[in-house]
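Asker: I would like the entire structure built from these sequences, with the hints used as guidance.
Taken in order, the sequence shown gives residues 271 to 571; the numbers are from my numbering.
Hints are computed from structural coordinates only; laboratory data are not their basis.
This structure is a prediction, so every number in the text was calculated from the model and none was measured.
C-beta atoms are modelled at their ideal positions from N, C-alpha and C, and glycine is treated no differently.
The reader is advised that the hints may include incorrect statements.
[Unchecked claim] Quick list of in silico lysine-lysine cross-link-like pairs, PhoX-like style, CA-CA up to 25 Å:
| hint | residue 1 | residue 2 |
| --- | --- | --- |
| 1 | Lys454 | Lys503 |
| 2 | Lys549 | Lys454 |
| 3 | Lys492 | Lys418 |
[Said to hold, decoys possible] What follows is a set of in silico ranges between Cβ atoms, one per label pair, in the way DEER data are often shown:
| hint | residue 1 | residue 2 | range |
| --- | --- | --- | --- |
| 4 | Asn544 | Ile512 | 32 to 38 Å |
| 5 | Thr293 | Ala314 | 22 to 28 Å |
| 6 | Leu531 | Tyr429 | 28 to 34 Å |
| 7 | Lys374 | Gln321 | 47 to 53 Å |
| 8 | Lys308 | Thr369 | 37 to 43 Å |
| 9 | Gly416 | Lys362 | 53 to 59 Å |
| 10 | Glu380 | Ala282 | 23 to 29 Å |
| 11 | Met475 | Phe435 | 43 to 49 Å |
| 12 | Tyr542 | Lys486 | 37 to 43 Å |
| 13 | Lys362 | Asp449 | 38 to 44 Å |
| 14 | Phe435 | Pro490 | 33 to 39 Å |
| 15 | Tyr358 | Glu380 | 16 to 22 Å |
| 16 | Asp448 | Asp534 | 26 to 32 Å |
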Amino acid sequence: MSSNIEIRRICAWCKQEFIAHKTTTTCCSHRCANLLYKQKKREASIKANNQVVEKVIKEKPIAKIRDKPILTITEAATYIGVTRPTLYGYLKRGELKATRLGYKFLLKKEDIDNLFNKSIEFKIPVRDKPSINDFYTTAEVKEKYGVKDSWIFHIAKEYNIPRTFHRGKTYWSKKHIDDYFAKKAPDPEIKEWYSTQDIQEKFGMTLTAIYSFVSKNAIPKKKVGIMVYYSKKHVDIAKGLIAPEEPKYYTIAEAMERFNLTRDQLYHYVKYHNIPRIKVGKYTKILRAELDKFFEPPKIE
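Answerer: Below, the structure written as structure tokens:
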């Protein structure tokens, strides 16, 4: 039912004059009403987004302390962008100063700003590497350690052993070569060895079976020239010919695993409580009986 009311209005969208038949009509046409509705929704969305942004900015710690002349430890760390322990480091080294007030330490923001005004030239510290003056030729490495040319180049590449070239010859760092073979040296406590041929003759094993056997049982081995030798005692124990001996010493790795210790903890106990240890070649060994006694449960007699 149409209304007989006629009201002169200005369209809220296109600003043109029109005749409205309701007191609630604000636009001259359906098109203008749609456009006005979309504009209001867009403005409401922008307003809501701005409110969220303002809230986030307001809640940011840096925004709260930007205009504060005095800062607490936490606020100073936030202002600089570091952790509290790092800031305590600055204080201990005297790079920053703090004043104690009650139970709090307070810093002047001005002092922090001045710290960054005193900039210095940044230089990356360069550690001087010692020069290498002693070398082996390839022939000398082959003669001393009984290895092949191809093996030398393979190991040198894998372990980054320094080398140089001079007058058609390759020279290898003597220290690095010796260090590599020292690490590969067998346990000096092992005195008796089987050659591969000895194992073949005594146990009737093929080469493939020997390689599988020594790998599975972690048999210690050494290489002399092109010959490979295996610990006689360990082979005989693995074959059941002799009973394994109760070891007198722990290796570092065995003691760490046995007592669930880190290397630093183990060395601390051994040094502080004077637990006997010996050096066997490159290995450090700890007297088993004394270490077991130290870690045994307490008892009242």
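Asker: For the hint 26 to 32 Å, verify it against the beta carbon of Asp448 and that of Asp534.
Answerer: 28 Å, holds
Asker: Does the beta carbon distance between Tyr542 and Lys486 stay inside 37 to 43 Å, or does it fall outside?
Answerer: 40 Å, holds
Asker: Regarding Glu380 and Ala282, is the given constraint of 23 to 29 Å on their beta-carbon distance met?
Answerer: 55 Å, violated
Asker: Between Asn544 and Ile512, does the C-beta distance stay in 32 to 38 Å?
Answerer: 34 Å, holds
Asker: Taking 22 to 28 Å as the hint, is the beta-carbon distance of Thr293 and Ala314 inside that range?
Answerer: 24 Å, holds
Asker: Range hint 16 to 22 Å: satisfied by the CB atoms of Tyr358 and Glu380?
Answerer: 20 Å, holds
Asker: Confirm or reject the claim that Lys308 and Thr369 have a C-beta distance inside 37 to 43 Å.
Answerer: Between Lys308 and Thr369, where Cβ atoms are some 59 Å apart, the hint is violated.
Asker: Checking one constraint from the list: CA of Lys549 to CA of Lys454, max 25 Å. Satisfied?
Answerer: The hint holds at about 16 Å.
Asker: Cβ-Cβ distance between Gly416 and Lys362: within 53 to 59 Å?
Answerer: 57 Å, holds
Asker: Look at the Cβ atoms of Leu531 and Tyr429 and judge whether their distance stays inside 28 to 34 Å.
Answerer: 30 Å, holds
Asker: Would you mind confirming whether the straight-line C-alpha gap from Lys454 to Lys503 stays at or under 25 Å?
Answerer: 19 Å, holds
Asker: Quick check: does the Cβ-Cβ distance between Phe435 and Pro490 fall within 33 to 39 Å?
Answerer: The hint (33 to 39 Å, Cβ to Cβ) holds, given that Phe435 and Pro490 are roughly 37 Å apart.
Comparing the model with each numbered hint stated earlier shows that hints 7, 8, 10 do not hold.
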